[in-house]
Amino acid sequence: MMKELKEKIVQRIKANFADAAEKNDFNYNRLDFTVKKETIPSILFYLKDEMGFIHLSDANCVDWLEEGELELVFIVWSPKDKIKIFVRTRLDRDNPVMDNLDMIWPQLNTYEREFREMFGVQVTGLEAPDEFILEDWQGPPPFRRDFDTAAYAEKTFWERPGREDAQDVRETIANRDGEEIPDFAKKYSR
Amino acid sequence: MVNDKNSQKIVDFIQNWARKHSIWVLAYGTGCGAIEIPPTMTSRYDAERLGVRGAATPRQADVLLITGYLTVKTLKRVIRVYEQMQDPKYVIGFGSCTINGGMYYDSYNTIKVLDKYLPVDVYINGCMPRPEAVLSGFARLQKRIAEGRANGAQQYKDNLEWYRANQKKIIPNWIMPEYNW
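In order, the protein sequence lines correspond to chains A and B.
Just so we're aligned: 400 in my numbering is position 175 of the first sequence, and the numbers increase by one with no gaps anywhere.
Just so we're aligned: 397 in my numbering is position 47 of the second sequence, and the numbers increase by one with no gaps anywhere.
Pulled out of the complex, with its shape left as it was, chain A reads as follows (with noise of 0.2 Å):
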């Protein structure tokens, strides 16, 4: 029976969108498509409107470095069918480009601006403050991978420099207290 209702919907979806790309495994109340960013707005709002995926789970970006692609990923939920299913897209990681979806959910508006801020993704039309959580941001998008935040701490704040006579003092309070440092946690002495 759910597996019936989900090859319907993964017919119907296939059928007003020849670019989706399905990866589906029916043992789970979730269904997968890949399709191209043109096609977002006009998949979620046929989702929303016409198939009751009327809940927005979530809405996510993923760095794909090696792949040189921001993969945006929208989560959408159908309480009529319990259903769970994962609008995928990939953008260009150097140009990320994408176009203002909050008039479909306008909690969406929200999760643009931390793709914006947080990935450096360009939100055409979107209409809200430049800043979200980071104040006076001067650096790169902080959520891409290749942004070295050890590296950046480093360079930013102070450290406090570490005690110089700082030891390995398990050793003597082994001997003191007649203990044995078990083999496991010896690989693990500095």
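Incorrect hints may have been included.
Across the chosen pairs, the derived CB separations fall in these ranges [to be verified]:
#: 1; chain 1: A; residue 1: 412; chain 2: B; residue 2: 363; range: 53 to 63 Å
#: 2; chain 1: A; residue 1: 385; chain 2: B; residue 2: 371; range: 26 to 36 Å
#: 3; chain 1: A; residue 1: 280; chain 2: B; residue 2: 410; range: 43 to 53 Å
#: 4; chain 1: A; residue 1: 405; chain 2: B; residue 2: 365; range: 53 to 63 Å
#: 5; chain 1: B; residue 1: 377; chain 2: A; residue 2: 332; range: 25 to 35 Å
#: 6; chain 1: A; residue 1: 403; chain 2: B; residue 2: 377; range: 48 to 58 Å
#: 7; chain 1: A; residue 1: 317; chain 2: B; residue 2: 514; range: 40 to 50 Å
#: 8; chain 1: A; residue 1: 287; chain 2: B; residue 2: 480; range: 34 to 44 Å
#: 9; chain 1: A; residue 1: 376; chain 2: B; residue 2: 410; range: 49 to 59 Å
#: 10; chain 1: B; residue 1: 526; chain 2: A; residue 2: 405; range: 55 to 65 Å
#: 11; chain 1: A; residue 1: 394; chain 2: B; residue 2: 509; range: 28 to 38 Å
#: 12; chain 1: B; residue 1: 509; chain 2: A; residue 2: 376; range: 28 to 38 Å
Since the hints were derived computationally from the structure, they do not count as laboratory data.
C-beta: ideal position from N, C-alpha, C; glycine also.
Starting from the known structure of chain A, arrange chain B on it as the hints suggest.
Same frame as chain A, now just chain B:
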């Protein structure tokens, strides 16, 4: 009274004695450490028996507790709050994050060494410090006040330029008022 050294000593002693028994803490939590304050203040550990209690506004408070990690965004507000507080005022750095960054040592948006930006009188280490450790920190602060060594505010006034330069280094868009004491 003759304004000589000995009488000043007596005045200081009485002043510090009074100050150390009424430490009013500003009810302002910056990080996760604020969760340890309710058990410290309520009946189990009852910090009020030491004269430690909450104050609603910066202008009524004596102690600014920096409870945990401090993002650059929060640091701006903390500086503003600290400068509004009236003498006598003390800062307690609370938790590992204020001492050396703690588990956020490689975060792009949290400071690591608090005493570069604000004068810290007492540090309490731990992640998180338990209420016993918090009380011990308050006791240490009281001791320092009694000895007249909790003079962070004076240090801040004397070295304002140095502190300002450090603060402005990580807050490029400085829109706060410039005080001159």
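Do the hints match the structure? See the list:
The supplied range of 53 to 63 Å is met by residue 412 of chain A and residue 363 of chain B, whose beta-carbon atoms lie about 57 Å from each other. Evaluation of the 26 to 36 Å hint for residue 385 of chain A and residue 371 of chain B yields a pass: the beta carbon distance comes to about 33 Å. Range check, residue 280 of chain A to residue 410 of chain B: about 47 Å between beta-carbon atoms, so the 43 to 53 Å window is met. Between residue 405 of chain A and residue 365 of chain B the beta carbon distance is about 57 Å. The supplied range of 53 to 63 Å therefore holds.
Checked against the hint of 25 to 35 Å, the C-beta distance between residue 377 of chain B and residue 332 of chain A comes to roughly 32 Å, which is consistent with it. In this structure the supplied range 48 to 58 Å holds for residue 403 of chain A paired with residue 377 of chain B, their Cβ-Cβ distance being about 49 Å. Between residue 317 of chain A and residue 514 of chain B the C-beta distance comes to about 43 Å, which sits within the given range of 40 to 50 Å. Between residue 287 of chain A and residue 480 of chain B the Cβ separation comes to about 40 Å, which falls inside the hinted range of 34 to 44 Å.
Our hint of 49 to 59 Å for residue 376 of chain A and residue 410 of chain B is violated, since their Cβ atoms are close to 43 Å apart. The hint said 55 to 65 Å for the Cβ distance between residue 526 of chain B and residue 405 of chain A, and at roughly 58 Å that hint holds. Look at residue 394 of chain A against residue 509 of chain B: about 36 Å separates their beta carbons, and that is inside 28 to 38 Å. Separation of residue 509 of chain B from residue 376 of chain A is about 30 Å and conforms to the stated range, judged on CB atoms against 28 to 38 Å.
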